Amino acid sequence: MAATKTRVPAVEGWFTTDAGAPALLGSRCRSCGTYAFPRETFFCRNPRCEGTEFDEVPLSRRGRVWSYTDARYTPPAPYVAADPYVPFCIAAVELAEEKMVVMGQMVPEVTVDDLAVGTEVELVVDVLYEDDDHQYLVWKWRPVTVGSGGSGA
Amino acid sequence: MPDDRAVAVLGVGMHPWGKWGRNFVEYGLAAARHALADAGLSWTDVQFVSGADTIRNGYPGFISGATFAQALGWSGARVSSAYAACASGATAIAAARAQILAGLCDVALVVGADTTPKGFFAPVGGERRDDPDWLRFHLLGATNPTYFALYARRRMELFGATEDDFAAVKVKNARAGAANPNARYRQEVSAEEVLASPMVADPLRLLEICATSDGGAALVLSSTDFARRHGRGDTAVSIPAVSTVTPRFPQTVIEMPNFATDSAVAAAAAGAVDGPAFRRSIAFAAYEEAGIGPEDVDVAEVYDLSSALELDWYEDVGLCKEGEAERLLRDGDTALGGRIPVNPSGGLSSFGEAIPAQAIAQVCELVWQLRGQAAGRQVEGARVGVTANQGLFGHGSSVVVTR
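So the sequences go chain by chain: C and A. For what it's worth, our numbering labels the leading residue of the first sequence as 1259, then goes sequentially. For what it's worth, our numbering labels the leading residue of the second sequence as -4, then goes sequentially.
Honestly, the hints are just simulated from the structure, not real lab data. Warning: the hint list may mix true and false statements.
[What the hints assert, rightly or not] Examples of chain C residues lying across from chain A (beta carbon under 10 Å, computed):
| hint | residue |
| --- | --- |
| 1 | PRO1316 |
| 2 | GLY1376 |
| 3 | TRP1397 |
Note that the structure is a prediction, hence the values are computed from the model and not measured. Yeah, the Cβ is synthetic: ideal placement off N, Cα and C, and Gly gets one too.
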């Protein structure tokens, strides 16, 4: 059973796995306040800032869809696809406080028909792929409206 | 426009695009020989060779300038090799132009060629957890069409683009490409065929997404003085501007291969007004350098990685205002015979992408157009053309060509 597998992040240090409120981990420049995801550790992207110190900060857990699509064909390696392959949606999500757009897969049950520019979504942690012993986790977006793939529009 | 910024294009040449499966050097060599013959020059007249690199063909691809120089026969020419993803060709052109304008050489050869694998472009092999290009495939399954589709969907929701519009771009480009002997796909397609092709990344279908191709393209560039001495002073097409700009912070449009945009928090706090988006800055930097504006352009070759992206480019190169691209398309303005034909070569839609050759191929097409040599797809009386393209990781690419 899947429940007996060890759950580990597919990438270290990019997100928290709190059961109730997982969050992406970004950086915030101590000099100018610029956020970055994934984290910047030794330079600030702002050309008018020479900041070298950054705080690790959880990013907003909710945002609105900037645009969206799906993947009807199996992406090439290093994507680890289930067999048989199940298409999934990808959304680019605008975070108001950070004034940035962050991509992520949508949770599996969502189709493009459930999405619109402006749909409110929240961050969850879900299985990206698994092997015999592990489930590898990644962040995904889920429409805020309760229900299977309900539209937030 | 300031003549002291211009270099002459004495020769252009291509190896036809296809899926030939041969060594990329063969395509580059064929293109170079065509360009030299077109220029009426010998390889030994070339003082500087500028290669556009391919990263999928081992070491010879990383030092393409030397690879092509050796294939042509070591002549002692000075050499440079450049990689800038899809913009590599423009970077190679910029390097050659700078050498000429600095007076360091009179005649330069620019060459780019590629041999590509089948299917989706995948990252370079190996497990590379510090490479965003590797990570976006691993963590998101985000292919290149994923990003093209995000832009396409946004156009539909913001500006009312339809699937019929996207199909119409493909129909237009296939018609032009059918007349181009260097194109890989030379059959007209109907809107019904486009709309019946499989969905790849909603709303984009298989026939609306550019393929990956083998091909090669080359230019022989010279100083305007040399062109006059060579008897081409009056007839040569010239390049008065090359734009290889990077984005300006904050870059607020999601770009391959990134997971996120820049944060606009600091810019907003400083009261900064949003500058032009990156894609829009690319051609406008070239216009400024050439001392012209988009209203002067007679023909454009833009990077239609998807049919929908071509519509974005109409606006980004200034052929119309934001949100008006669909009207331009529907009115037939950008078709052959229209007011401002776009992609008379057939575009990536008819070629597929041979990455380091593609920006050079765009210039080849404009040179043939401005010389009146584009049989079957000629834009009548064209005197000013512009190319636009963008490479992964922040590489702008735009070349103005005039006669």
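(message) Let me make sure I understand: some of the numbered hints might not hold for this structure. Which ones are they, in numerical order?
(response) 1
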